[in-house]
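Assemble the complex: chain A is given as a structure, and chain B must be docked to it using the hints.
Order-wise, the sequence lines are chains A and B.
According to the numbering used here, the first sequence is numbered sequentially starting from 1.
According to the numbering used here, the second sequence is numbered sequentially starting from 593.
No wet-lab data here; the hints were simulated from the structure.
All C-beta atoms, glycine included, are put in the ideal place defined by N, C-alpha and C.
It is possible that some hints are incorrect.
[What the hints assert, rightly or not] In the DSS-like style, the derived pairs of lysine-lysine whose C-alpha atoms are separated by at most 27 Å in a straight line are: (1) A/Lys155 <-> A/Lys202; (2) A/Lys508 <-> A/Lys202; (3) A/Lys259 <-> B/Lys722; (4) A/Lys262 <-> A/Lys251; (5) A/Lys561 <-> A/Lys508; (6) A/Lys216 <-> A/Lys157; (7) A/Lys418 <-> A/Lys327; (8) B/Lys771 <-> B/Lys746; (9) B/Lys655 <-> A/Lys329; (10) A/Lys216 <-> A/Lys202; (11) A/Lys329 <-> A/Lys406; (12) A/Lys406 <-> B/Lys655; (13) B/Lys655 <-> A/Lys179; (14) A/Lys179 <-> A/Lys157; (15) B/Lys676 <-> A/Lys406; (16) A/Lys327 <-> B/Lys771; (17) B/Lys622 <-> A/Lys406; (18) A/Lys262 <-> A/Lys235; (19) B/Lys726 <-> A/Lys259; (20) A/Lys251 <-> B/Lys746.
[Said to hold, decoys possible] If we take Cβ atoms under 8 Å as the criterion, some of the chain A residues that face chain B in the derived model are: (21) Leu249; (22) Pro267; (23) Leu268; (24) Gly271; (25) Ala309; (26) Ser356; (27) Glu357; (28) Glu363; (29) Phe365; (30) Ser366; (31) Thr397; (32) Ser399.
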Amino acid sequence: MSSSDSNSSSVDDPNPNPKPLDNQLETLNLEQGSDSIVIQNEDDEEGRQQDQGSSLNGSLNVNSDNHEPDDRIGLVRNVVWRRTNSEMEVDVNGPSSPSSSGYAGERGSSGVSEDDEIQEVAKDSALHGGFDSQAAWLPGKRHVDEDDASISWRKRKKHFFILSHSGKPIYSRYGDEHKLAGFSATLQAIISFVENGGDRVKLVRAGKHQVVFLVKGPIYLVCISCTEEPYESLKGQLELIYGQMILILTKSVNRCFEKNPKFDMTPLLGGTDVVFSSLIHSFSWNPATFLHAYTCLPLAYGTRQAAGAILHDVADSGVLFAILMCKHKVVSLVGAQKASLHPDDMLLLSNFIMSSESFRTSESFSPICLPRYNPMAFLYAYVHYLDVDTYLMLLTTSSDAFYHLKDCRIRIEMVLLKSNVLSEVQRSMLDGEMHVEDLPGDPLSRFGSASHLGEHQEPTDSPGRFREPFAGIGGPAGLWHFIYRSIYLEQYVSSEFSAPINSPQQQKRLYRAYQKIYASMHDNGNGPHKTQFRRDENYVLLCWVTPDFELYAAFDPLADKGLAIKTCNRVCQWVKDVENEIFLLGASPFSW
Amino acid sequence: MGCSSSLPDRSTGRLGGLNVSESGGVVDAKNLRVKLVLLGDSGVGKSCIVLRFVRGQFDPTSKVTIGASFLSQTIALQDSTTVKFEIWDTAGQERYAALAPLYYRGAAIAVIVYDITSPETFTKAQYWVKELQKHGSPDIVMALVANKADLHEKREVPTQDGIDYAEKNGMFFIETSAKTADNINQLFEEIGKRLPRPSST
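Next comes chain A alone, as it looks inside the complex (with noise of 0.2 Å):
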């Protein structure tokens, strides 16, 4: 994702040069030092253990602009740190044949960009004929049959790996875990070599290639990756796949570790597969993965206050949460008394339940763990579909809550289908979110004509509204996307895309870009930025952060910068607007 990344507020580059940005991106990256540096160190303890390594053949340097093929990490078994200006490098002891346990992305491919990344994509979708990446995606694990001496498993873009303290794999995005034996022995080769000096590692940075590390008690989590995507971003998509873990074994499973190091997890993960891929899939297409906020289902103010009134009932009698869902979208959501629901988890909880099919087949009652809400415990997860995509989950710290849920989900359902919720849900889902295109135009003029989500009338009726019946046009001023995240609510609104961001592999560039600038925006060591705008071949991208909001818009790369400001100041006016409809409000309170 080359870009002109430029970290101060309002700074436009008005010449947009898609070669040298690489090189730029990456000087740029060291020149602001501390955040990109290769290794993070505790203490200076490395100084004496890279030494130790005397041959550099063929070292990879972040500072090289080689971006030819022989651009490669080599994981191997001869492994060499070596420090130079305060970055760990990895040397590889030559090309890295296949029988060695090496990883090496891009091998003998030449140019290869992002473009490499999404022609696989394109190929994916192509094979299901979807539109929506959501459905172009096929659940469960590909590519079982490969192992770290398959080049296919080497050229992959994004690797996870969850292994154990000892070495033994637990679960490998692609391959089989039970191969990689070798390979997640050298990934805990080199954590704990690095931790016998009394430091930690956290990311290593080779050509493209990032190498991203978190360490949680005995379970390492790594993510070798040549996406460009910010190390923060990366590692909070680590966070998400332990929690995913936690969520499925509580953390006790530890003490499986202190029992036995040398434990064997695979089995008791056996089976969700799909699910860890599913949430891997959801790093490129749902935003709530790296904005920690949930999204809500728009609906009309008194249909979402039925949905609501119900459920504080069934709360009232002993549930802890009970949440309404349509796919990853909440229609409502109550907590009991003083019980309140991370983002994350609900992130966490939706994945797990529409990634295992055997829950659209029945009533289920399962143990599930939330792990920012007691990540030692289980709690028991009544979960029932009221229709193909809308589901019910009624959580319980009581075991044997069984009867009494499955009586509550009865009396919900009924009323639900009473008062029309289930099928308001329906059309919302056909309807979409809001549409850049529907942007009213004049600020002043909203009253009357305002475009009222969930209130379903004709884009004629509205004279403020010219939406195209299928395709988008893109709204005024250029914008094309936004997503707006109320800080308080915790909570984020996401436009329907629209033309020209129409394609799975564009909508996952652009989720891409606005995972970076979030990044940029919440990076502690630059301070808070307010304003950001930054143009490159792709998007002008604007983002804005208060304290009461964050936006993120995308424009045109032609836009105007004042226009697109303007616009912006609309796009923040229409979300207040219709806040009774895209926001659940009024709810107890999520702050954490």
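Using the frame of chain A, we list chain B on its own:
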């Protein structure tokens, strides 16, 4: 089974709550209502047996059960009694093994399933029988089911082994195929016949 720590202690009896009703599940002499639990290793076809019995469907794509699914089905026996089975289809994964008491406590019937092509699942079935003998209701009716009987060319567990084991443990034995529907209804009818009738009759 490292995940048992947050469970209430078995001996406290707190897990007894998934009973059908206080009266042991019996509505009256002619209309029985019973709790049935399916146990067995993952992938032996527990869900397929239930879905074949309850909905007459067979889905060859494997859908891993999470926790336990709850389904019910009523059948009429020849002596004109009806039996409503409230079925707990449990997940076979190891991580749920520690949670099994939650589902089998108070069950009148346990159906223990193995796959005739996999000796490991037969071993696992024996584990469940022992577990139930130790912790289940003393008067529980147990059935040993050898599933995937259609895959006889891949059979690795001889029928006689199943019969012998069932006999030794006072169980009812049947070979089934959820795929071909072979013996599925018979399984539940046989169970219905073996249910203890309320003494009032």
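Hints and how they fare:
Annotation: proposed proximity of A/Lys155 to A/Lys202 holds, straight-line Cα distance about 23 Å (limit 27 Å). Between A/Lys508 and A/Lys202 the CA atoms are separated by roughly 26 Å; this keeps the pair inside 27 Å, and the hint holds. Between A/Lys259 and B/Lys722, the direct Cα distance comes to roughly 25 Å. Compliance with the 27 Å bound is thereby established for this hinted pair. Annotation: proposed proximity of A/Lys262 to A/Lys251 holds, straight-line Cα distance about 17 Å (limit 27 Å).
Taking the CA atoms of A/Lys561 and A/Lys508, the gap is near 24 Å; set against the 27 Å cutoff, the hint holds. With a C-alpha separation of about 24 Å, the suggested pair A/Lys216 and A/Lys157 falls inside the 27 Å cut-off, and the hint holds. Simply put, A/Lys418 and A/Lys327 have alpha-carbon atoms about 22 Å apart, close enough for the 27 Å limit, and the pair holds. Among the hinted pairs, B/Lys771 with B/Lys746 is consistent with the structure: their alpha-carbon atoms are about 15 Å apart, no more than 27 Å.
For the proposed pair B/Lys655 and A/Lys329, the alpha carbon gap of about 24 Å is at most 27 Å, so the pair holds. About 12 Å separates the Cα atoms of A/Lys216 and A/Lys202, which keeps this hinted pair within 27 Å; it holds. This hinted pair checks out: A/Lys329 and A/Lys406 have alpha carbons roughly 23 Å apart, not beyond 27 Å. Restraint check for A/Lys406 and B/Lys655: satisfied, since their Cα atoms lie roughly 23 Å apart, inside the 27 Å limit.
Among the hinted pairs, B/Lys655 with A/Lys179 is consistent with the structure: their alpha-carbon atoms are about 24 Å apart, no more than 27 Å. Taking the CA atoms of A/Lys179 and A/Lys157, the gap is near 20 Å; set against the 27 Å cutoff, the hint holds. With a C-alpha separation of about 17 Å, the suggested pair B/Lys676 and A/Lys406 falls inside the 27 Å cut-off, and the hint holds. With a C-alpha separation of about 31 Å, the suggested pair A/Lys327 and B/Lys771 falls outside the 27 Å cut-off, and the hint is violated.
Pair hint B/Lys622 plus A/Lys406 holds up; C-alpha atoms about 26 Å apart against a cutoff of 27 Å. Of the supplied pair hints, the one linking A/Lys262 and A/Lys235 holds, its CA atoms being roughly 26 Å apart against a limit of 27 Å. Of the supplied pair hints, the one linking B/Lys726 and A/Lys259 holds, its CA atoms being roughly 26 Å apart against a limit of 27 Å. In summary, the hint linking A/Lys251 to B/Lys746 is not supported, as the alpha carbons are separated by about 40 Å, beyond the 27 Å threshold.
For A/Leu249, the suggested interface contact is upheld, since its CB lies about 6 Å from the closest CB of chain B, less than 8 Å. The beta carbon of A/Pro267 comes within 5 Å of a beta carbon in chain B, closer than 8 Å, and the hint placing it at the interface holds. Given the 8 Å rule on beta carbons, the hint for A/Leu268 holds: about 5 Å separates it from the nearest Cβ of chain B. With its C-beta approaching chain B no nearer than about 3 Å, A/Gly271 sits inside the 8 Å limit, and its interface hint holds.
Violation of the interface hint for A/Ala309 is found here, the shortest Cβ-Cβ separation to chain B being roughly 27 Å, above the 8 Å cut-off. Taking 8 Å as the C-beta contact cut-off toward chain B, the hint placing A/Ser356 at the interface holds, the least distance being around 5 Å. The beta carbon of A/Glu357 is positioned within 8 Å of a beta carbon in chain B (closest approach about 4 Å), and the interface hint is therefore held. Residue-level restraint check for A/Glu363 holds (minimum Cβ-Cβ distance to chain B is 5 Å; threshold 8 Å).
Interface restraint check: A/Phe365 against chain B, minimum CB-CB distance 6 Å, threshold 8 Å, status holds. A least Cβ separation of about 2 Å between A/Ser366 and chain B falls short of the 8 Å threshold, and the interface hint therefore holds. The interface hint given for A/Thr397 is violated, since its Cβ lies 10 Å from the closest Cβ of chain B, which is over the 8 Å cut-off. For A/Ser399, the suggested interface contact is upheld, since its CB lies about 5 Å from the closest CB of chain B, less than 8 Å.
Comparing the model with each earlier hint shows violations of hints 16, 20, 25 and 31; every other hint is respected.
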